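Enquirer: Residue-level listing of the chains:
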Amino acid sequence: MATSSDKSKDAKLNTFRGGPDERGHFGIFGGRFVAETLMPLILDLEKAYNEAKADPAFKAQLDYLNTYYSGRPSPLYFAERLTEHLGGAKIYLKRDELNHTGSHKINNCLGQILLAKRMGKTRIIAETGAGQHGVAVATVCARFGLPCEIFMGATDVQRQKPNVARMHMLKAKVNPVTSGAGTLKDAMNEALRDWVTNVHDTYYIIGTAAGPHPYPELVRDFQSIIGKEVREQMQAAEGRLPDTLVACIGGGSNAIGLFHPFLDDESVKIYGVEAGGHGIDVENGHAASMTGGRPGVLHGNRTYLLQDAEGQILEGHSISAGLDYPGVGPEHSWLRDTGRVTYVPATDKEALDAFQLCAQLEGIIPALEPAHALAFVTKLAPTLPKDNLLVMNMCGRGDKDVFAVAGYLGMDI
Amino acid sequence: MTKETRIDRRFAKLKREGRKGLVTFITAGDPDLETSKKLLLGLPKAGADVIELGMPFSDPMADGPAIQASSLRALKAGQKMRDTLAMVAEFRKQDDDTPIVLMGYYNPIYVYPNAQFITDAVAAGVDGLIVVDLPPEADDELCVPATAAGLNFIRLTTPTTDSKRLPAVLSNTSGFLYYVSITGITGTAAPDVNNVQKHVQRIKAATTLPVAVGFGVKTPDQAKALGQVADAVVVGSALVGALEKSLDSDGRSTSKTVPAVLDLVGSLAAALRAA
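Chains as they are written, first to last, in this note's numbering: chain A, 22 to 434; chain B, 3 to 277.
It is possible that some hints are incorrect.
Calculated cross-link-like contacts (lysine-lysine; reagent style DSS-like; alpha-carbon spacing at most 30 angstroms) [what the hints assert, rightly or not]:
hint: 1; chain 1: A; residue 1: 142; chain 2: B; residue 2: 200
hint: 2; chain 1: B; residue 1: 17; chain 2: B; residue 2: 5
hint: 3; chain 1: A; residue 1: 68; chain 2: B; residue 2: 200
hint: 4; chain 1: B; residue 1: 166; chain 2: A; residue 2: 138
hint: 5; chain 1: A; residue 1: 407; chain 2: A; residue 2: 370
hint: 6; chain 1: B; residue 1: 166; chain 2: A; residue 2: 68
hint: 7; chain 1: B; residue 1: 78; chain 2: B; residue 2: 200
hint: 8; chain 1: A; residue 1: 74; chain 2: B; residue 2: 226
hint: 9; chain 1: B; residue 1: 200; chain 2: B; residue 2: 226
hint: 10; chain 1: B; residue 1: 166; chain 2: A; residue 2: 142
Hints listed in this document are in silico derivations from the structure and should not be mistaken for laboratory results.
Here the structure is a predicted model, which means the values were calculated and not measured.
Construct the complete structure from the given sequences, taking the supplied hints into account.
Expert: Structural data, given as structure tokens:
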């Protein structure tokens, strides 16, 4: 929860949607903390993105792909039985798990592959945790005929096998990363090492709203289609804005996509749900960087990080391969400190319970990532009045997690 | 302009003697604090003209496998920033001439935090800083206050640093300029001497600072060849690689560890002196 001193800073802000500044800062967060080899490229990318934003042809092409390739707009679905069961807020699910490839990640990948083409890049690399981003990158690379290599922690390769198989079918090369704990942070280090080596022809499609400027901004912009659609869809369904927004946070791209168009609507309460793992009190047992970390610099940006007293980065833990990243997008760090968004943790166990609840009440098998958001919804919704319109972003489907969850639940398959 | 530092004096001396400098990199605390102290103390006699002392970091994004492993060994052995600074202070009691440049990534400095780090580094006898992930765009954070406190802030310039970018890289840089001879991570591809020469000439046209060349320099022959086109040659991965090979099967230091590194420094220095 935000403290009153945090809140007092709000008074000076006319808008929460004005960031980043020209140096890529959201308050003290963000920036461009990269090796000099990458700096010219980062500056080129910023220029290319600004040109693309101003080009109607770019927007038209992206709109076309979103509609006919990805299947947007995704429905805003009234979850009637979940609402009844929880007995409070009226719960809507933004069905981004119905997108082509099964998650919100495609929104960003379509935008970035068009940008890569504009910049004349001929090779694509990416990091992936749960494999959702990797699959989305492999998909757009197949669609646009560019070779791609995906860096994925060796631990994640093991626990997300269906997505690894999908990437292979899409002709992507998957490089298992064994350094560190072999999860998302290590995959990102390896992707950066590849990029710095192949900077002349390679475009790096970062999967979340983090990394050096302009990535946090451009990923947010491509994902903001989620929140823009929700505004229109809620207007059509209920004739007004929602009251409450909830989304899960790893790096935070689905969340910032839902939140950003609503940041200046004061009546809308916004919650981001981090991976509480074994519990926030368990040292190195969670991935809740904003609840249990402090500001630091990693992977090109200043943001909340899980780190020890010496500034060494901790691995973090989550049942969800998509959330166990020790950092978070810099805009979230800023929204936390300004008090505009409230960030809360949900544990592995709470997420597993919510996963089953959603499957059994709504016939929707969620990914473990949005199951964290739902876990918080099960606590929050009963405390809210029945006319409170709550939107949760169902940012991914659970097909990839079927084997892992069956294992956790002791099911014999 | 900052006042003259040990780095300035060392490069002036190299110039007077008409020879090229050897810049050596080791990671502080690798494979353990005691061995690392012995290495540090032995480097000047073995032929190191400038010492880069790595501040270990959990996520060395610009480094190849050799320095990644070196960093992790040091952290596993419990190396802290205070230990690294104390190593420099102890070294200074015996050697007041050989420059020491601390090299690493920003986060361990940022959380120290910056102002205290600068104070403690100056007090320990550190001469310069190389912070891989702090570009000129972030100079106000560490570079400007560190320079004001008398430290040299040494910048990396790379094959992707074009003429448009070079002035930004040169601004606020002092001591020397570190030319990264390849696009890539440390200790991987071998640099092409002709290519390096072209870049160094371009840099020299824009600055009077000495230029050291590094990344991928492994053998005395390579050092000798690069010494002909630059003011100094940096060797790192090869040294920590030699260190790694000398360890026992549990990754512990052996009687061969210190000589393995210092002997390689000796042959690199001899090759450069013959250049």
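Enquirer: Against this structure, judge whether each hint is valid.
Expert: These are the hints, each one checked on the structure:
no.: 1; hint: A/142 <-> B/200; in the structure: 26 angstroms, holds
no.: 2; hint: B/17 <-> B/5; in the structure: 19 angstroms, holds
no.: 3; hint: A/68 <-> B/200; in the structure: 28 angstroms, holds
no.: 4; hint: B/166 <-> A/138; in the structure: 24 angstroms, holds
no.: 5; hint: A/407 <-> A/370; in the structure: 27 angstroms, holds
no.: 6; hint: B/166 <-> A/68; in the structure: 15 angstroms, holds
no.: 7; hint: B/78 <-> B/200; in the structure: 41 angstroms, violated
no.: 8; hint: A/74 <-> B/226; in the structure: 50 angstroms, violated
no.: 9; hint: B/200 <-> B/226; in the structure: 17 angstroms, holds
no.: 10; hint: B/166 <-> A/142; in the structure: 21 angstroms, holds
Consistency with the previously given hints fails for numbers 7, 8, ordered from lowest to highest.
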